[in-house]
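Chemist: Here's the letter readout for the chains.
Number of protein chains: 2
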Amino acid sequence: MENRLERIKKQLHAQSYKLTPQREATVMVLLEHEEDHLSAEDVYLLVKEKAPEIGLATVYRTLELLTELKVVDKINFGDGVSRFDLRKEGVNHSHHHLVCIECGAVDEIQEDLLGEVEKIVEKDFHFKVKDHRLTFHGICHRCHGQSAVKEEADPSLAGNV
Amino acid sequence: MENRLERIKKQLHAQSYKLTPQREATVMVLLEHEEDHLSAEDVYLLVKEKAPEIGLATVYRTLELLTELKVVDKINFGDGVSRFDLRKEGVNHSHHHLVCIECGAVDEIQEDLLGEVEKIVEKDFHFKVKDHRLTFHGICHRCHGQSAVKEEADPSLAGNV
DNA sequence: ATGCATGCAAATACTTTGCATAAAC
DNA sequence: GTTTATGCAAAGTATTTGCATGCAT
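Here the protein sequences come in this chain order: A and B. When we follow the working numbering, the leftmost residue of the first sequence carries the number 335, and every step to the right adds one. When we follow the working numbering, the leftmost residue of the second sequence carries the number 335, and every step to the right adds one.
One or more of the hints may lead you astray.
The list treats identical chains as one, so a pair stands whether inside a single copy or across any two.
Straight-line C-alpha distance at most 16 angstroms; calculated EDC-like pairs for lysine to aspartate or glutamate [to be verified]:
#, residue 1, residue 2
1, 343, 402
2, 457, 445
3, 462, 436
4, 382, 366
5, 344, 358
6, 464, 436
Treat the hints as calculated values from the structure; they're not laboratory data.
All chains, full assembly: derive it from the sequences and hints.
Modeler: As structure tokens, this is what we get:
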């Protein structure tokens, strides 16, 4: 965790940005909630616990900065909010998501399943792939087979949105 | 074109919705701009040419309805707007997109390249896939190789956003 | 001192909603 | 005549921006 913060600090410095206490608190929240897909508002509320004086605008500005630096990916599941997803270290593309249409849970696939597909895109469509966004919509393993008890599916117990 | 409108009309009627003149005008705009990725506002402006009295709210409501009926897909490229993309007939999933980071053009891949990947997702992640969203970010065939003349890339001549 | 970063409030952008009217069945 | 759809305006969200202040070099 510490070294990831350090690395991000270096990335900031490399572009002559500072790791201010507010930015550090924001990054820490993201590191601590790596599995989640937090909206700017979510991040704001969590950062406030560490740095109560922080403003929402600063959080937005920090998330924008981190997106630029490719520390996080700004993703969108079709509800009206952008969510921010920490990239794994050394990984140069956004990972995949599984959105459950029953319970709303969002799970991640870290493994890159698009290698072959990207080759086809580059060859057949003459498109130089730099990054990708892949989301599947369907029924997650928790909801699967329990369509009879749909109503009881509890997203809070399941994957994180 | 006519038959596609007819088919959409039937889909509406099947759920006891009406094909009002406003809805028809909206659908016609979508059919005429199949290659584009129009925002609600874009659709509104185009529909106004056919039906000047239409209100923006009606366009939003119609697009929402068409999304429900899976006539269109509501997609999002990360700029703050939802865009609406007509599904091909008989196709039951969203098609793929190629977003050029140089010129902003968005091209489509109609062919489904995810068959194998979905099998893996279903087997290894126990996730029943119902639909998907796949977007590649990179350099399109028009911009490719002309990085020296970047500034001259003209999205209006290229694919449509 | 200078420049970057912050907090707050105001502004903007997009989308949804309430409600009275109008059209369709 | 009852339901469904529309247009307008108002309200809601999400996000961005302006600006005075603060912090760090």
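Chemist: Could you run down the list of hints and mark each one as holding or not?
Modeler: Hints, verified against the model:
| no. | hint | verdict |
| --- | --- | --- |
| 1 | 343 - 402 | within (14 angstroms within a copy, 45 angstroms between copies) |
| 2 | 457 - 445 | between (23 angstroms within a copy, 14 angstroms between copies) |
| 3 | 462 - 436 | between (36 angstroms within a copy, 11 angstroms between copies) |
| 4 | 382 - 366 | within (14 angstroms within a copy, 49 angstroms between copies) |
| 5 | 344 - 358 | within (12 angstroms within a copy, 56 angstroms between copies) |
| 6 | 464 - 436 | between (32 angstroms within a copy, 11 angstroms between copies) |
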